[in-house]
Amino acid sequence: MNAPEAKPDLDSLPIKAEAKQLNFYYGAKQALKQIDLPIYDNKVTALIGPSGCGKSTFLRCFNRMHDLYPGNRYEGEIRLYPDDVNLLASAVDPIEVRMRLSMVFQKPNPFPKSIFENVAYGLRVRGLKNRTELEDRVEQALRDAALFGEVQDRLQDLASNLSGGQQQRLCIARALASEPELLLFDEPTSALDPIATGSIEELIHALRDKVTILIVTHNMQQAARVSDFTAYMYLGELIEFGWTDDVFFRPKQKQTEDYITGRFG
Amino acid sequence: MPKQRSTRDLSLIRRLIRSGKRNETLFIATGLAALALAVLTFLALFIDMLIDGSPRLTAEFFSNYASRKAEKAGILAAWVGTFTVMLVTAAVAVPLGVMSGIYLEEYAPKNRFTDLIEININNLAGVPSIVYGLLALGMFVHTFGMGASVATAGLTLALLILPVVIVATRESIRAIPGSIREAAYALGATRWQTVQHHVLPYSMPGILTGVIIGLSRAIGETAPIVIIGAVTFIAFLPGSPVQSAPPFISFDWLSAPFTAMPIQIFNWTSRPDAAFQANASAAALVLVAMTVVMNGLAIWLRYRLRRNIKW
Ligand SMILES: Nc1ncnc2c1ncn2[C@@H]1O[C@H](COP(=O)(O)OP(=O)(O)OP(=O)(O)O)[C@@H](O)[C@H]1O
Ligand SMILES: [Mg+2]
Chain A
1 MNAPEAKPDL DSLPIKAEAK QLNFYYGAKQ ALKQIDLPIY DNKVTALIGP SGCGKSTFLR
61 CFNRMHDLYP GNRYEGEIRL YPDDVNLLAS AVDPIEVRMR LSMVFQKPNP FPKSIFENVA
121 YGLRVRGLKN RTELEDRVEQ ALRDAALFGE VQDRLQDLAS NLSGGQQQRL CIARALASEP
181 ELLLFDEPTS ALDPIATGSI EELIHALRDK VTILIVTHNM QQAARVSDFT AYMYLGELIE
241 FGWTDDVFFR PKQKQTEDYI TGRFG
Chain B
1001 MPKQRSTRDL SLIRRLIRSG KRNETLFIAT GLAALALAVL TFLALFIDML IDGSPRLTAE
1061 FFSNYASRKA EKAGILAAWV GTFTVMLVTA AVAVPLGVMS GIYLEEYAPK NRFTDLIEIN
1121 INNLAGVPSI VYGLLALGMF VHTFGMGASV ATAGLTLALL ILPVVIVATR ESIRAIPGSI
1181 REAAYALGAT RWQTVQHHVL PYSMPGILTG VIIGLSRAIG ETAPIVIIGA VTFIAFLPGS
1241 PVQSAPPFIS FDWLSAPFTA MPIQIFNWTS RPDAAFQANA SAAALVLVAM TVVMNGLAIW
1301 LRYRLRRNIK W
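Residue numbers (this note's numbering), protein chains in the order written: chain A, 1 to 265; chain B, 1001 to 1311.
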């Protein structure tokens, strides 16, 4: 729990992004209902809730992943600050949105290319060609993802030769390289063993100073360990949101309490 | 601790296992017999061909034109014809097939129209090759006036293997996990960048395999090129594609009449003289060797390229 003893007033904290009256539909099926949620700047916000409650669906609204598949529909807004643009507006190109945000997926999904090329890809897509600059930024991203030491003398090796935990940190480096304004994690450790999980959690904790993070997790302890804020979702609705220690120790809703204490039925 | 007696009836379980094993032995024996039948038949044919044909496999056999005298006859025109026709076939079928496959998988909306196209393509792969010959005779030979040329034959066989290439392309694209595609999009790649940097390279092994399987089907096709009017006796080669005088490149070879290996073989087998039968066997050996080399190439390429692609 990272919240300091005296928690600052929420109104005084800068907001990086904000969902407003967000509805989402897979075809006719409504998966998100009237979600209002602020994402505070340079903080880690954890999304928890039972399987199928819409955590991934919500996360994937931010970088418009749903645009890739037919029949999906958004209603409402996700505002990104400071320029106060609605990421979901049809006038906003989803590619522009994805250039500003990065995502790390549940299962490590490195490209079947070299370690270097994996991290460099986002930069190449952004038109960076200069070799030395690419090398510098790849190295910096690998350092930020706490992976550089392990791979520095085999950057040209295939990414698939790395261990699962290393692959996931590679994916984090790949996401960091383009200096995203908001970093989205969808259960980044659910495919990893406890040790790899621990190193990713440390990493997320450390990254908080650099970037705003929104993380979906199934693991209650993980949410408690890494996040400043926690949002509890149930059946597509946001039930409770607040400082992580408040949500965990002083939940306002009975439902949240039941879920957190494992009495969820 | 006192030993506990098993409450299970172990003798029944053992009896069941024994009878299961008996069935397994029976199946292995039947399977081996079936396999032996297939392999032995092929071996017998191949050895027969080898005995008849191998004495004819001399250097002259490859550098002589067909002749009225069996011992002077060779397959020069036939193998050059087959080679040039295959070149045209590949040059046409590969880009068309790969682009169609990519379009259908990555771009086309999924609706009734694309479903219809999909069904059609799958059916086209099963259309008898002679039908393609008839189509080509009407379209390329008569309507477009291209005659019985290398280009006509190449285009006909390209049509024939187009569905194979499209289906292979689509299948290898579909084998790419969605998570890899999403990784590219999430980094801000456009659809075309995703295709160009990821989809196409990762599906290349499968596409190449499909292409070569298609070509090795086309190389032995006889019916469609008989229909479009391949000549059976020819004593000159298509013009050279490179020339010493400007513009240095010539496409005259495309409009040249041609013959091909299967036609040559067919022609020789239909002669009564036993010496020509030996020629036919020798030419068939060469054709089989061409196919084996192509399939070997496919396997090697697939192995080489797939080594780097692990999900
Ligand atoms: N492509 C889709 N089409 C239709 N319904 C979908 C689709 N994807 C998800 N859903 C439904 O939307 C709801 C929310 O799914 P989502 O994947 O967001 O849940 P989740 O909270 O991430 O669950 P988990 O913790 O298991 O990952 C579920 O009821 C799910 O069945
Ligand atoms: Mg999920």
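It should be emphasised that the hints constitute simulated quantities derived from the structure, not laboratory data. This one's a predicted model, so the numbers in the text were calculated from it and none came from an experiment. In this text, a Cβ means the ideal position worked out from N, Cα and C, and glycines have one as well. There may be inaccurate statements among the hints.
As the list claims (entries may be wrong) - Here are a few chain B residues that sit away from chain A, every Cβ distance over 10 Å (derived from the structure):
#: 1; residue: D1009
#: 2; residue: A1036
#: 3; residue: P1055
#: 4; residue: Y1103
To be verified - Below, in silico cross-link-like pairs of lysine to any residue (SDA-like), each with a Cα-Cα straight-line distance of 25 Å or less:
#: 5; chain 1: A; residue 1: K113; chain 2: B; residue 2: R1304
#: 6; chain 1: B; residue 1: K1310; chain 2: A; residue 2: F116
#: 7; chain 1: A; residue 1: K29; chain 2: B; residue 2: E1182
#: 8; chain 1: A; residue 1: K107; chain 2: B; residue 2: A1038
#: 9; chain 1: A; residue 1: K33; chain 2: A; residue 2: F116
#: 10; chain 1: A; residue 1: K210; chain 2: A; residue 2: D9
#: 11; chain 1: A; residue 1: K254; chain 2: A; residue 2: K210
#: 12; chain 1: A; residue 1: K113; chain 2: B; residue 2: K1110
#: 13; chain 1: B; residue 1: K1110; chain 2: A; residue 2: F116
Hints, verified against the model:
Against the 10 Å criterion, B:D1009 stays outside the reach of chain A, whose nearest CB is about 42 Å from its own CB. Every Cβ of chain A is farther than 10 Å from the Cβ of B:A1036; the closest lies at roughly 40 Å, confirming the non-interface assignment. A cut-off of 10 Å between C-beta atoms confirms that B:P1055 is not in contact with chain A; the least separation is 50 Å. Here B:Y1103 stays apart from chain A, with its beta-carbon at least about 16 Å from theirs, past the 10 Å limit.
As the CA atoms of A:K113 and B:R1304 are separated by approximately 15 Å, the hinted pair is consistent with the 25 Å bound. Taking the CA atoms of B:K1310 and A:F116, the gap is near 16 Å; set against the 25 Å cutoff, the hint holds. A C-alpha spacing of about 22 Å is found between A:K29 and B:E1182, which places the hinted pair at or below 25 Å, so the restraint holds. A C-alpha spacing of about 45 Å is found between A:K107 and B:A1038, which places the hinted pair above 25 Å, so the restraint is violated.
Restraint check for A:K33 and A:F116: not satisfied, since their Cα atoms lie roughly 41 Å apart, outside the 25 Å limit. Restraint check for A:K210 and A:D9: the C-alpha separation of about 22 Å stays at or below 25 Å, so the hint holds. Using a Cα cut-off of 25 Å, the hinted pair A:K254 and A:K210 is violated, with the two alpha carbons roughly 35 Å apart. Straight-line distance between C-alpha atoms of A:K113 and B:K1110 comes to about 30 Å, which puts the hinted pair past the 25 Å bound.
The hinted pair formed by B:K1110 and A:F116 fails the criterion: a straight-line CA distance of about 36 Å is larger than 25 Å.
The structure shown violates the earlier hints numbered 8, 9, 11, 12 and 13.
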